[in-house]
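Novice: Letter by letter, the chains look like this.
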Amino acid sequence: MSKSDAETVLHDLFVRGLDGDAVAYRDFLQKLSAHLRAFLARRLFGWPDEVEDLVQECLLAMHNQRHTYQSDQPLTAWVHAIARYKMIDLLRSKAGREALNDPLDDDVAVFAESATEASDARRDLAGLLESLPDRHRLPIVHVKLQGLSVAETARLTGMSESAVKVGIHRGLKALALKIGKSSS
Amino acid sequence: MKTDELVALLAARAEPVPRHAAARRFAFALAVSLPLSIAVMALEYGVRRDLVQTMFWPMFWIKLLFPACIAVAGFVVVQRLARPGVRVRAAWLGLAVPVLLVWAMGLVTWLMAPVDERSAMVWGQTWRTCVFNIALIALPVFVASLVALKSLAPTQPALAGAAAGAMSAGAGAAVYALHCPELAAPFLAIWYVIGMALPVVAGALIGHRVLRW
Numbered sequence: 028m029s030k031s032d033a034e035t036v037l038h039d040l041f042v043r044g045l046d047g048d049a050v051a052y053r054d055f056l057q058k059l060s061a062h063l064r065a066f067l068a069r070r071l072f073g074w075p076d077e078v079e080d081l082v083q084e085c086l087l088a089m090h091n092q093r094h095t096y097q098s099d100q101p102l103t104a105w106v107h108a109i110a111r112y113k114m115i116d117l118l119r120s121k122a123g124r125e126a127l128n129d130p131l132d133d134d135v136a137v138f139a140e141s142a143t144e145a146s147d148a149r150r151d152l153a154g155l156l157e158s159l160p161d162r163h164r165l166p167i168v169h170v171k172l173q174g175l176s177v178a179e180t181a182r183l184t185g186m187s188e189s190a191v192k193v194g195i196h197r198g199l200k201a202l203a204l205k206i207g208k209s210s211s
Numbered sequence: 011m012k013t014d015e016l017v018a019l020l021a022a023r024a025e026p027v028p029r030h031a032a033a034r035r036f037a038f039a040l041a042v043s044l045p046l047s048i049a050v051m052a053l054e055y056g057v058r059r060d061l062v063q064t065m066f067w068p069m070f071w072i073k074l075l076f077p078a079c080i081a082v083a084g085f086v087v088v089q090r091l092a093r094p095g096v097r098v099r100a101a102w103l104g105l106a107v108p109v110l111l112v113w114a115m116g117l118v119t120w121l122m123a124p125v126d127e128r129s130a131m132v133w134g135q136t137w138r139t140c141v142f143n144i145a146l147i148a149l150p151v152f153v154a155s156l157v158a159l160k161s162l163a164p165t166q167p168a169l170a171g172a173a174a175g176a177m178s179a180g181a182g183a184a185v186y187a188l189h190c191p192e193l194a195a196p197f198l199a200i201w202y203v204i205g206m207a208l209p210v211v212a213g214a215l216i217g218h219r220v221l222r223w
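Note that the protein sequences, when read in sequence, are chains A and B.
This note's numbering puts the first sequence at residues 28 to 211.
This note's numbering puts the second sequence at residues 11 to 223.
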């Protein structure tokens, strides 16, 4: 698949996902994670172990910030900017200055390759999820992991439906924050 | 957790996401905070008593529109910087050109004025308070725009904070112009610009710390 094909396919899936199409969104995230994996692996050759953690961190960040994407913008640029931001964060916390001399500016390269072979993430995202307070953790576990509806989760936990929705939203943000703290 | 599981988790029950979040959040921030800035100006300082008269003087409009241009340009720049991968491009000119024009105007007025009137044009009567007043009136917009920025994704936090500062500075100075008694271009070119620079610098410093995500 060439770069511009990938842009078209991913853009289409993502925009449908933003409209609430969960199947397209899942497909998008899956393809995106493969691109991210290849993109990051090439730039983090010094730390192969970090790649999967960073893929997950980028996915979570892109999910949490998906409202900042506008469909008239090239998706490549948006994805690249976030991946680069998260990678620089990691390099900064890891190796200080000299790591920043890597060429990071080739903004078209993010969809150039795709690697579907995931190595194990070292960071235990499930463990971090466990450490969230119940009002965030339970909505995520019931709705996102067990596939219950918001209404069912509300009944099960005694929370209001809007509290469940807010809990998912805030919980994923809190998770992203915890990742930031655990890596620096 | 494996990445596939994370993908499944994030995609489960995906809800529609509203569009144009960045522009809408800054517009909301302005809608909430600008009335506060106006209230600070009206209650603490008071609107010029001769406001209706001054409306016939071109200098009054320059004093009002110069910061208003900065506010509008700041809005455009900050909502671009709040979205990953969006370049600011020509919108920088919207911040730079008004300042350069006012500097040119101030310099020309100063050079053309008789020597003994020059110092009055530079210092006016309120140079001691002007800078601080502008910064204070800008404060509500400053806080609101940083809160909006925090909910978005600036990949250059210091720059985005500075742009939020520029937007609030422009709004604050435009509101202050309704009170301010000065009408000399050199005064505008010096003290208004310094007053507006304060929120910009503060935005950069604060943005660098609080806008990381």
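Simulated from the structure, these hints should not be mistaken for lab results.
Note that the Cβ used here is the ideal one computed from N, Cα and C, for glycine as well.
Hints may be right or wrong, so weigh each one.
Simulated crosslink set (BS3-like; lysine-lysine; CA at most 25 angstroms straight-line) [claimed, not checked]:
id	chain 1	residue 1	chain 2	residue 2
1	B	K160	A	K205
2	B	K12	A	K121
3	B	K12	A	K208
4	A	K208	B	K160
5	B	K160	A	K58
Sample of chain A residues facing chain B (criterion: CB under 10 angstroms; computed from the structure) [claimed, not checked]:
id	residue
6	D46
7	L56
8	Q57
9	H90
10	R164
11	A201
12	A203
13	K205
Novice: Decide, hint by hint, whether the structure agrees.
Specialist: Going down the list of hints, with the structure as the test:
no., hint, verdict
1, B:K160 x A:K205, "holds (17 angstroms)"
2, B:K12 x A:K121, "holds (23 angstroms)"
3, B:K12 x A:K208, "holds (20 angstroms)"
4, A:K208 x B:K160, "holds (17 angstroms)"
5, B:K160 x A:K58, "violated (29 angstroms)"
6, D46, "holds (5 angstroms)"
7, L56, "holds (4 angstroms)"
8, Q57, "holds (5 angstroms)"
9, H90, "holds (5 angstroms)"
10, R164, "violated (12 angstroms)"
11, A201, "violated (12 angstroms)"
12, A203, "holds (7 angstroms)"
13, K205, "violated (13 angstroms)"
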